[in-house]
Structure formats: C-alpha cells, structure tokens
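Number of protein chains: 2
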Amino acid sequence: CCLAQKSGILSSPNIIIMLMDDMGWGDLGVFGQPSKETPNLDAMAAQGMLFPNFYTANPLCSPSRAALLTGRLPVRNGFYTTNGHARNAYTPQEIVGGISKDEILLPQMLKKRGYISKIVGKWHLGHRPQYLPLEHGFDEWLGAPNCHFGPYNNSVKPNIPVYNNSEMLGRYYEEFRIDRKMGESNLTQMYLLESLDFVRRQAEAQRPFFLYWAPDATHAPVYASKGFLGKSQRGRYGDAVVELDYSVGEILSLLRSLGIDNNTFVFFTSDNGAALMSGPHQSGSNGPFLCGKETTFEGGMREPAIAWWPGHIQEGAVSFQLANVMDLFTTSLALAGVSPPDDRTIDGLDLTPVLLNNSVLDRPIFYYRGNELMAVRRGQYKAHYWTWSNSWAELKKGINFCPGQEVPGVTTHEQKEHTMMPLIFELGRDPGEKYPIRFGDKEYMDALSWISPVVEEHKSTLVPGIPQLNMCDVAVMNWAPAGCEKLGKCLKVPSSQPLKCDWPH
Amino acid sequence: CCLAQKSGILSSPNIIIMLMDDMGWGDLGVFGQPSKETPNLDAMAAQGMLFPNFYTANPLCSPSRAALLTGRLPVRNGFYTTNGHARNAYTPQEIVGGISKDEILLPQMLKKRGYISKIVGKWHLGHRPQYLPLEHGFDEWLGAPNCHFGPYNNSVKPNIPVYNNSEMLGRYYEEFRIDRKMGESNLTQMYLLESLDFVRRQAEAQRPFFLYWAPDATHAPVYASKGFLGKSQRGRYGDAVVELDYSVGEILSLLRSLGIDNNTFVFFTSDNGAALMSGPHQSGSNGPFLCGKETTFEGGMREPAIAWWPGHIQEGAVSFQLANVMDLFTTSLALAGVSPPDDRTIDGLDLTPVLLNNSVLDRPIFYYRGNELMAVRRGQYKAHYWTWSNSWAELKKGINFCPGQEVPGVTTHEQKEHTMMPLIFELGRDPGEKYPIRFGDKEYMDALSWISPVVEEHKSTLVPGIPQLNMCDVAVMNWAPAGCEKLGKCLKVPSSQPLKCDWPH
Ligand SMILES: [Ca+2]
Ligand SMILES: [Ca+2]
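Read top to bottom, the protein sequences are chains C and A.
The opening residue of the first sequence carries number 1 in my numbering; numbering runs sequentially from there.
The opening residue of the second sequence carries number 1001 in my numbering; numbering runs sequentially from there.
Check before you lean on any hint, since a few could be wrong.
[As the list claims (entries may be wrong)] Each computed DSBU-like pair below joins lysine-lysine, with the alpha-carbon atoms no more than 30 Å apart: (1) K181(C) x K1442(A); (2) K416(C) x K1397(A); (3) K1396(A) x K442(C); (4) K442(C) x K459(C); (5) K459(C) x K416(C); (6) K1181(A) x K442(C); (7) K1416(A) x K442(C); (8) K36(C) x K1231(A); (9) K1036(A) x K231(C); (10) K442(C) x K1500(A); (11) K397(C) x K1416(A); (12) K111(C) x K101(C); (13) K1396(A) x K416(C); (14) K1442(A) x K226(C); (15) K36(C) x K1226(A); (16) K1416(A) x K1459(A); (17) K396(C) x K1442(A); (18) K1396(A) x K1181(A); (19) K1416(A) x K396(C); (20) K1231(A) x K442(C); (21) K396(C) x K1396(A); (22) K1226(A) x K442(C); (23) K36(C) x K1442(A); (24) K231(C) x K1157(A); (25) K1157(A) x K1492(A); (26) K1181(A) x K1231(A); (27) K397(C) x K1442(A); (28) K500(C) x K416(C); (29) K1101(A) x K1500(A).
[As the list claims (entries may be wrong)] Quick look at which bits of chain C chain A covers, simulated, 3 or more residues with Cβ under 8 Å: (30) 44-56; (31) 226-238; (32) 244-258; (33) 287-296.
[As the list claims (entries may be wrong)] The following residues of chain C were derived to be distant from chain A, with all beta-carbon distances above 10 Å: (34) K181; (35) N371; (36) Q380; (37) G398; (38) L487.
Derived by calculation from the structure, the hints in this document are not laboratory data.
Heads up, the beta-carbon is just placed ideally off N, CA and C, and yes, glycines get one too.
Take the sequences, apply the hints, and build the full model.
This is how it looks when you write it as structure tokens:
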C-alpha cells in the first residue's frame, strides 16, 4: 500500500483501451496458453494488474462493444433483439439499426476535458451513416464498420468498406487484401502504425487522448502479416496472437520512449470468449472454462484483462475483483475527472480503488443473452436462471459452441428455465461449471439467498431500452459508403426489403 | 545465448526434485490457474525455465515415481501389471511387490560422486522392508511408504506408518494427525522443516546432496496446516497448493541465504494429472487438457514443470521441449558427472542442452497405461493407438475421469483399439484433444508416417520387465513395520491370502 496516496492521480491521463476480437481468456501466456506466445502481454501483466475475473456484457461482438462505450448493459443501450427469446444480435451488413443518438459514448464524455479520441479497427455499432464513429464522439477512425467476412461478389453482397474518418478508403479483399488461403493480411500492421502515429501526434501536441484500439485479426477468418505467419506453435490463430502481442509491445514501448507511460492508463481485454465453433484452426482458447462465444457460460464471457499504468498501479498485482467491460467507461471518466451521465442508469463501476489500492468491491456480474438474464455471479457463486448452448437444429448443422464438453443438464440444447431453482456453481473450486451445488444443501441455500436480492433488485428496476437490432434490409448494406464516388467504388443499391432479422443463437 | 558457455557447469551441483502428488498442470498461476495462488512458483518460473510440454511416464503415482527414480518406463522397471489389459497398478498396502533390487535408482548412482540423498514425503515404491528407500540408495527418509488414506481401524487395515529412516515414528491419523473433517494437518510443515534442516546440514558439511521432496497434501484427502486453511480462492485443495507454494519459496530462499543457489539445480513437477474423479472439492485443475489422472489423455499425463538454477538457466525462459520425469534421472546424472547405467535401456534424456542453451531435441513421448502403449507424441502430433477413460461399470458407480468432457470416439468407455488407424491430434492448435485429424488427409498421412517408425522401433525392441504389481495379500500390510516394538505399535498379522490384485482402471 498505497501507490495512489503517494503519487496522487494526475489530471486527465491518456487512456488506451485495447479490445481484441474473439480472443479467449486462455490465449495469453499469463492465463495458461501452452504455446506461451505473448511475452509482451505477460510483461504488461508483470508491470501492471491482472484481472482473472473480468467479463464482457454479452458473448457477442456488437453488444459487448456497445456496452463498453456506453457503460450500460445492451438491454439498456438497445443493442439487443426482441425477435426471439435469449438471442444474441449483432450488426451484420443487413442491419437497419445501430447505436442510438440517445446513448452517450465514452469519447463524447471525454471531450469535456479536451480529449482527442480515435478508434482504430472494428466499430460494429452500425454501419449506416448516422451510426458511424465520428457521429458518436470519435475525432478519428481508421477501420471498418463490420466484420471482415468475405470476399463477396459485390452484387448479392458488397465487400466491407474500410474508412478513414468519415469516408471510405477502399474495401476488404479489394484495396485491403486478406488472403484467405494463406491467412495473410497486413491489417494488424496498418492498425498498429496508425495507432502509433496517433499517439505520437497527441504527445507532441500535449493533448490528452483516448485511443480505442480494436484490431480484429483473431476473429475468423483469422489473419497475420507475412512476417508473423508460422511464428506460433499453434498455427494461424496463434500467429495472429503473436502479431497482436507484438503490437501491444510496440505501443507500450512508444509510451515509454515518449515519456508518457506514467500518464497513460492502458487496459487490454477482449470482446467475447473464443469462438470454439471455428475451432481448431480459427479459434482461440477459453482455458479451463465451459463453452465459448455466444454462450453465457464462463467460456463465453470471461475475458483476459490487464491494466497497466506505471507509477500508479502496483507492479505484478492480481485483482480478484469481479469486473466488466462497462467498468472501462466509468473508470475512464473517473480518471479523466468527468462525472458520468446522471440522467440514466450506468452499469459500469469506477475501478480506481481497485486499480490504485487493490480494493475488492462487492458487485454482481449479469450474464445476458439477448433480452434474457441468463445468469448472475456474486462473489464466487454463479446462478444460472436459464441454460442454453444452441439448438439441436444448429448442432445438427455442425455448429457447436461447446465442442468436446457436455455437462448434463447444463450445456442444454433447449432453452431450459431454472428460474425457481437456479443451477448454482462455486467458481473458485469449479471454474469449469461442471458440478452444480446440490439443491437444498446449506451452501446452495446460502448462495441463493445471497444472490437472489441482487437479481430481484435488478429485474424490478430494469427499464429495457428500445431494441435496435430487430430489423434487417438488403438495401442498407455497404453499397455506397460516403466517399465511394471519389473512388469510383459505389455499387447499385437494391430496392428495400425490410424484414425481421433472424438470430438463431 | 549462452549462459552455459559463460559459466560452465560446476561439478556436482546439489539436486532438488520437488514432486507434487496429483497436482495438475493448471494448478499453477503461470499455467493459468484463475485463483493465482502460487506467487513463489510463478517467481521460480520467472527466474528459471518453464516446460509446458512436460510429461509423466504413467498417469498414476507409483509407476510415475518408479520411472522418475530409475529413468525407465514402468513397463521396463516392473511397475506395471499383467493382470488385465491396460490397467494402471500402484502400491496399496496389500501389494506384495515393490521396486526390484535389480533396478538402479538415482541416489544409488549419485552416491558414486559422494552425494547424500534424502527423501521427504511419499515413497510409494513398495512398503515391505526390502523395498523401502534406505534399501535403494537413500541415506535418509522422513515420510510414508503409501498414500495417507484412512483412518483405518487397525483390525481390517492398519493405519499407514510414518518412517524416520528405517523405523516407524508413528502412524497417520494417530501420531500424525489428519483431520478429515476440517482438512487440517501439519504434515506439509513437517516435510518442509525436515527438508530445510537437511539442506542446512549438507551445506554446512559442504557435501553435495540430492533432496527428493515429495509432499502429498494435494492427494485426496487433501490437507493444509491451520495457518493456510481458507487462504485460497478455491477451498481446501487450493489451500494445500498455497502451502506447498509457500514451502517452495522457503526452500529456494534458504538456498539463496546459504549462498548455494548457483550450485543447486531445482526441478518442480508432479507425478500425474489432477484427480478429476475427486472433484470439485479434492481435485486440482488440468487447465485446457482432456480428462485427468488414470488416463493417457493430456490431462492425465502433462505436468506442471519448472527448472531453476540461477546463473546457469536463462531467467524467464520457456522450453517447448517434450520432456519427461524419466529425464530427471538422466539429467541429474549428467549434472553430477556420473555416466548412466550402460547395461540396460534408459528412457530418460539428458536435458542439459535444453536447460543451458534452450535446444530442442526430437524425441517421442510414450503414453503407457499399465502394459499397453496407448499413445505416442512426436512434435505436435499425438497418435492414440488405444483409447479408454474408464469402464461403464466404474462410470455407473460415479467414478468419472473426464467429468463434463466428452469427445465422441475418444473418451471411450470401452478399451477401443485404433492400432491400424490411430486417432491423431495436433496438440498446438488442439491441446484439448477435441478434433481428431481426418483419416486420409495429407496432414494425417504425414503425421502418421512421421510417428510410425518411432512406434515400430519402440515396440520391436521393447523387452518388458517382470511385472511387480500382480500379487496382493492382506498379510503384507503395514501391521508391524520396523520399530513398532519400541513404540508398542505392532499389530497382529493376519494369515497370508495371496491373490491377484484387482486393478479396475
Ligand atoms: Ca467478437
Ligand atoms: Ca499421484
């Protein structure tokens, strides 16, 4: 104790949030990846604080990212669907909606203290003009609004555009190559160089900055630059990790050489669990946890997480705090000295006491899948009110969110309700959610009576936001993004055919 | 490169082998345990070399330990059974056999260079007088010949004796208390103090020493000393880990304060994978690996492993070498400057090039279960010739070696032969053995043709040793260990009823 007291909090430190895509908890050396391919992240942990109990707000990209930037659960900020029960929705090209103008995003708040904000990489909060980053507080953007799926033929579906600020620069698989056969693309290098340049410029101008670094190399189709292909012990996915780890090292190293490391708060995490359905070639590892992306088991929602802020955070610390991507909103505001919005519920917690004094705050983790509160964790206890991996129909198609894992009555292929008698696990001795505590045992009753009030309070006060992810339409796809005329890259827009989106998971 | 060249190898460094009991790969912070309760082991790794690909020779205590001390596979040194196919055997109290006089153990070899050897903790190579440690090269012993099961009533079964050298000191649950309800016992403290005392005495006498530290607190029934109970995030098992980790710290710290850290080679590992059948209360974690103790899946045989030798081993190194407990025999001899026995096959490899220069040597790992070669790993490829978790009959009794895991056709409940077309996994991208490579794929054919010659060579030259673990007899139990008269602790020996031991797994 107590670096915080000794050094005080500098006003307006720079903030860097490094958000990986589908990277799993078990992909970092420090979290037990046998291939041990993340020396820079492991060093970052040794110099900072490791969070083994860090969560996303939803096991899918778009709602996770919306939660991070608004500090609010997707069910509040509208990044969910009511088309089906407990279905995760996201923002494919067909999506009509996006992040609402009524939501307040982190860069908008930071602007009050003069921060310049940039997003590098994947946005995923809507690709129609009104939803893009520069309409929601970011000053700069290099990246794409959607996933790098493709290539498409540009008649049934356009290739995804890459933007520089408000105008497209080109498209994936066209100007921005991804070789699906070899797994080669230099996008991570581009995203790194762009980030380094941004940091350098702000440091020179002595302006506080917020960098939201969101590379997507670990999302299928996974890719790495030529120099990184073949570098890992575990193939292409690992190569992507090696390159991202290298990039983390480069960014931290630049902060040091600019002399702003003591004034820059850096947080590394991922948007959802490893995509086991893409395994083994295109998926990461969720370590000892159950299932993966799309599910509300630990493998779907527990994320690798490291905080780094030399001189402020104790070196080599481990925090057992239950924490969440939404906390990055609230914590960033606290660090910047901005009060959070007071006209709405904010789910994020201010983690500064955790970061600076290794305090542990009692708070629940809510595991949502679409519009349903599937599970709640408090302390070491997690209660499942609903269980579902995916449907038998999807499973029969070969889509498996829990390959090689099967916990009877837990990894169910029907949506199974347990509201009256939730399945309860103690995650300390049973991180893999394999041994439900016996109904009626004293431990069960104690855990239930400890968790239930939190759940009742949450449910009774929850006012869901307007769901933004219900409608799809081929006409809204990326046919003619801003700037396409200059480049001669506008495509013909088909006629509108609005329909309810189909969310099978 | 190359500490070795700079410093040379000192003649006869001290050797400490720290062998845990049923501790899993995933129980160390550095291997991803979410509870992060091993700061001393994590520091040991940061100061030494981590081995993510380190194996035992058999997924059960006795044969693993016999292999470590002889440098030979159990099928050669006799620590196996022919009573059934592919059954693991060990040394319960009823066992008639033990380690053969014809085997040469590490301390016997080290004696040639003047080493004093001590075993502290569990022996498990036979408890009849002719099989005890001091008959096989050790100069000192504090510990027990068998597991600390009990308490027994001393009429049907005697409690296990604790020996000081060649005579009993008392019995578990009697003079050496283990409180099964609270999980409290000070045995780990006793084993630590005894080890520290031994190291201090040898340092004073300036004699090279070999300490074989084999505490058993993580074997069910797991226990910890009072001061450690409740210290971990995951209950009693974690408390035991915390105390063992503390003990590791104390031993390394003593080496430093005695100024002999640069002249002491320390290796930490475990005898077999975590005992998942004892979960969740009495079992550790095998991280991302499949199944556990008793099986030849990775969870049964991959072990946590750290080498430490300041000034000789590069700090913070990671070795991807495929290595094995049997290598500790050969490597220790190399370090001591003793030639290994040349009249028999030694399976252990000399790891000094790995330790000193981070070389990687091409060598296979053989996964035996009893008398059957179940699987072979070479490089990243592992071929299963036989698969078996346990029988349906055992499973129906509630004994599960793969709880919550089920890989169709892999975690089979019959002994399934795949000799002609082995199941092949690539362990880099698929450490959990969930995705057999498709028969006939080029990768399958390449891997098979790479592994097959090694298997054929091994099988065609193998001369199995005489199996020592076939016969059981109630008359051989620990009724009247040496020294019992002095203590008034001799029990009546029942009449002999020799029979074939029953090995269900
Ligand atoms: Ca994602
Ligand atoms: Ca054992």
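To see whether the hints hold, each was checked on the structure:
no.	hint	verdict
1	K181(C) x K1442(A)	16 Å, holds
2	K416(C) x K1397(A)	28 Å, holds
3	K1396(A) x K442(C)	27 Å, holds
4	K442(C) x K459(C)	25 Å, holds
5	K459(C) x K416(C)	19 Å, holds
6	K1181(A) x K442(C)	16 Å, holds
7	K1416(A) x K442(C)	42 Å, violated
8	K36(C) x K1231(A)	28 Å, holds
9	K1036(A) x K231(C)	28 Å, holds
10	K442(C) x K1500(A)	44 Å, violated
11	K397(C) x K1416(A)	28 Å, holds
12	K111(C) x K101(C)	16 Å, holds
13	K1396(A) x K416(C)	26 Å, holds
14	K1442(A) x K226(C)	24 Å, holds
15	K36(C) x K1226(A)	36 Å, violated
16	K1416(A) x K1459(A)	19 Å, holds
17	K396(C) x K1442(A)	27 Å, holds
18	K1396(A) x K1181(A)	27 Å, holds
19	K1416(A) x K396(C)	26 Å, holds
20	K1231(A) x K442(C)	22 Å, holds
21	K396(C) x K1396(A)	28 Å, holds
22	K1226(A) x K442(C)	24 Å, holds
23	K36(C) x K1442(A)	27 Å, holds
24	K231(C) x K1157(A)	57 Å, violated
25	K1157(A) x K1492(A)	11 Å, holds
26	K1181(A) x K1231(A)	17 Å, holds
27	K397(C) x K1442(A)	25 Å, holds
28	K500(C) x K416(C)	25 Å, holds
29	K1101(A) x K1500(A)	22 Å, holds
30	44-56	holds (count 4)
31	226-238	holds (count 6)
32	244-258	violated (count 0)
33	287-296	holds (count 3)
34	K181	15 Å, holds
35	N371	28 Å, holds
36	Q380	7 Å, violated
37	G398	12 Å, holds
38	L487	38 Å, holds
Hints 7, 10, 15, 24, 32, 36 from the list above are not met by this structure, while the remaining hints are.
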